[in-house]
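Q: Residues per chain, in single letters:
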Amino acid sequence: MRRWMILGSLLIAAMAGAQTGDDWDSVQIETLPIRGGLHMLTGRGGNLGLSVGADGTFLVDDQYAPLTDKIVAAIEGVTSDPVRFLVNTHLHGDHTGGNENFGKRGSIIVAHDNVRRRMSTEQFRTILRNESMPASPPGALPKITFSEEVTFYWNGEEIHVFHVDPSHTDGDSVIHFRRADVFHMGDTFFNGRYPFIDVDFGGNVNGMISTASRVLAMTKSDTKIIPGHGPLASPEDLRAYRDMLVGVRDRVATMVNDGMGIDEVVAASPASSFDDRFTGNSEGFVRATYHSLSEGN
Amino acid sequence: MLSAVLVAAAAFEIVALAEGVHVALVRPDPPSYAFANALIIEDDETVTVVDTHQSLEAAEALIDEIATLTSKPVAFVINTHWHGDHVYGNQVYRDRFPEVIFIGHRATRAEMLSAGAARLSEELESLPGSIEQRAQWLASGIGPSGEPLDVDLQQRIETSHRLRSDYLEELRELTLTPPTLTFDKELTLKRPGKTIRVIHFGPAHTRGDVVVHLPDDDIVAVGDLLEEGAFPYFGDAYPAGWEKALNGIGALRATTTIPSHGGIVRDPRLLQFHFRLLRSLRHEVEVAILKGLTLDQTKEQVTLSGFVADLPGSEEGVRTAVERMYLEQTEELEP
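Heads up: the sequence lines are chains Z and S, in that order.
Residue 179 in my numbering is what sits at position 179 of the first sequence, and the numbering runs on without skipping anything.
Residue 273 in my numbering is what sits at position 273 of the second sequence, and the numbering runs on without skipping anything.
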């Protein structure tokens with residue numbers, strides 16, 4: 001678990017320049033009401049989605065284990081009902097670190113089959129860097145897993161959880177609260193930031209693009225989108241992000257076709273023309289894009 | 001009320017299949033509105049029940065039986081498809097276990113809210129007449145074909161009258177309770193100490209059939225995809241898809257199969273029988289269509305006589321099967 005946390009902290013630090021270290025005390029959980037009983041919670045790590053209502057509390061992602069008490073307190077500011085369902089958008093520790101704590105409190109954890117599969121055993125990274133992550137404890141593993149999609153008729157909502165093409169990882173899910181027309185896209189969407197694409201865990205830039213396009217096609221002008229990281233988004237924000245992905249992907253693809261090596265591609269700064277709108281680790285994004293395209297994916 | 005529950009309790013027999021796994025087998029006698037077998041799966045913390053009976057009394061009785069097996073609460077109910085004998089009892093579980101989650105295929109939810117609601121209204125409309133009819137037979141002493149009632153027929157009509165009257169009372173209390181958690185292809189419940197796979201192989205007996213597979217126990221509950229001792233019901237079926245679903249069941253290689261109707265099956269010949277039945281149905285209807293036969297002519301011609309000899313009352317069932325296959329092949333049936 002600790003390695004996960006450190007990894008997650010480093011990722012967030014790298015992506016967003018966030019404060020690192022174990023300074024959990026300073027983290028504040030902010031609650032942003034959206035509509036129809038839906039809220040976006042922010043603290044440190046991935047953004048949370050919260051649905052409250054007659055059937056019970058429904059949570060999307062749970063950040064880090066040391067933040068669980070603060071997250072629970074923030075939820076209690078909205079509802080007195082405990083979390084019945086907890087959906088993980090993917091396996092990374094900044095989205096699943098609180099799983100074991102919530103499981104102990106009686107929440108049923110739901111995720112794609114590949115999330116449980118990868119969390120169940122030690123995982124190794126060899127492409128982006130060399131490191132390993134230990135298996136998660138049994139209590140942290142998803143208890144309901146699905147292959148394609150699952151829908152909850154819950155709190156008067158239709159909560160449609162669907163697996164998407166390998167994007168950020170190979171276990172990504174997007175959640176659509178259909179009545180309120182609010183999406184939670186997990187880390188398939190970094191609003192205003194260059195994304196982290198975890199090619200070691202099956203992520204791929206082409207899937208990032210197809211997922212962004214797929215969700216974009218489902219949006220209306222007033223749709224609200226909770227990104228994995230960054231502020232609450234509009235379809236226009238998602239469109240700009242998708243277009244940036246396509247722009248960088250196409251430039252890198254040309255370079256790969258021209259036989260350029262990865263360091264040459266990075267040196268050519270194929271993302272620089274987007275730097276005015278997107279912050280974060282463009283080099284990491286370019287490297288992951290290169291790996292996505294050069295391995296026959 | 002108490003006596004009705006006792007009658008309902010006698011309607012099924014609890015049989016242990018594996019550690020923490022029981023089946024409630026519906027007894028043919030005494031007659032009841034239980035109708036479909038239920039699977040009871042106990043994990044380290046909770047209980048999962050597959051299908052909930054047509055009769056609310058029977059559902060109550062099964063929950064009481066479960067309480068004699070374990071003090072754990074029922075946390076999940078899985079509906080194999082939308083027909084009333086598999087879902088009407090859902091509301092009893094909701095009343096007894098407010099936290100229970102109902103799981104089914106998304107088409108099961110959709111069908112319950114449309115075709116299922118329509119069928120319930122039809123039942124509510126037609127039952128009073130059929131009860132009144134039976135009351136008249138009993139009062140006049142003259143049976144359905146104009147014959148004087150003998151003791152045996154009188155008893156059967158009395159039983160039927162009582163069952164229908166009780167059932168009508170229940171239906172008036174019924175609130176269709178569709179799955180709250182629906183899925184498309186496959187869902188796995190990783191319960192502590194038990195893995196429960198819920199798999200949809202495509203439209204078959206209905207648009208939303210699922211089988212419940214316990215991989216560690218080699219058990220599969222197949223709903224109405226296999227019938228033991230009766231001709232399968234095709235009224236809402238997609239026969240070509242049904243063949244594919246049988247392939248999916250076969251690939252699970254479970255040693256114990258629980259059909260919703262009939263007994264525990266450990267003989268692979270039941271699956272083979274259904275394969276051959278569906279293949280013959282497809283071939284014979286194909287030939288009839290190629291010959292240019294109309295639907296009515298095809299229903300006359302295709303009798304599946306080699307398959308139905310031992311299955312009582314199957315003539316109407318075969319005609320329905322032929323009709324669904326004919327419509328499917330002539331593309332008048334949209335899944």
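There's no promise every hint is true.
[Said to hold, decoys possible] Result set (DSSO-like, lysine-lysine): computed pairs, CA atoms no more than 27 Å apart in a straight line: (1) Z:Lys-70 with Z:Lys-104; (2) Z:Lys-104 with Z:Lys-224; (3) Z:Lys-143 with Z:Lys-104; (4) S:Lys-185 with S:Lys-244; (5) S:Lys-244 with S:Lys-299; (6) S:Lys-299 with Z:Lys-143; (7) S:Lys-190 with Z:Lys-143; (8) Z:Lys-104 with S:Lys-72; (9) Z:Lys-104 with S:Lys-190; (10) Z:Lys-70 with Z:Lys-220; (11) Z:Lys-143 with S:Lys-72.
What the hints contain is simulated information worked out from the structure, not anything from laboratory work.
Q: Are the hints correct? Go through all of them and say.
A: We went through each hint and held it up to the structure:
no. : hint                     : in the structure
1   : Z:Lys-70 with Z:Lys-104  : holds, 16 Å
2   : Z:Lys-104 with Z:Lys-224 : violated, 32 Å
3   : Z:Lys-143 with Z:Lys-104 : holds, 12 Å
4   : S:Lys-185 with S:Lys-244 : holds, 14 Å
5   : S:Lys-244 with S:Lys-299 : holds, 24 Å
6   : S:Lys-299 with Z:Lys-143 : violated, 48 Å
7   : S:Lys-190 with Z:Lys-143 : holds, 5 Å
8   : Z:Lys-104 with S:Lys-72  : holds, 17 Å
9   : Z:Lys-104 with S:Lys-190 : holds, 15 Å
10  : Z:Lys-70 with Z:Lys-220  : violated, 34 Å
11  : Z:Lys-143 with S:Lys-72  : holds, 18 Å
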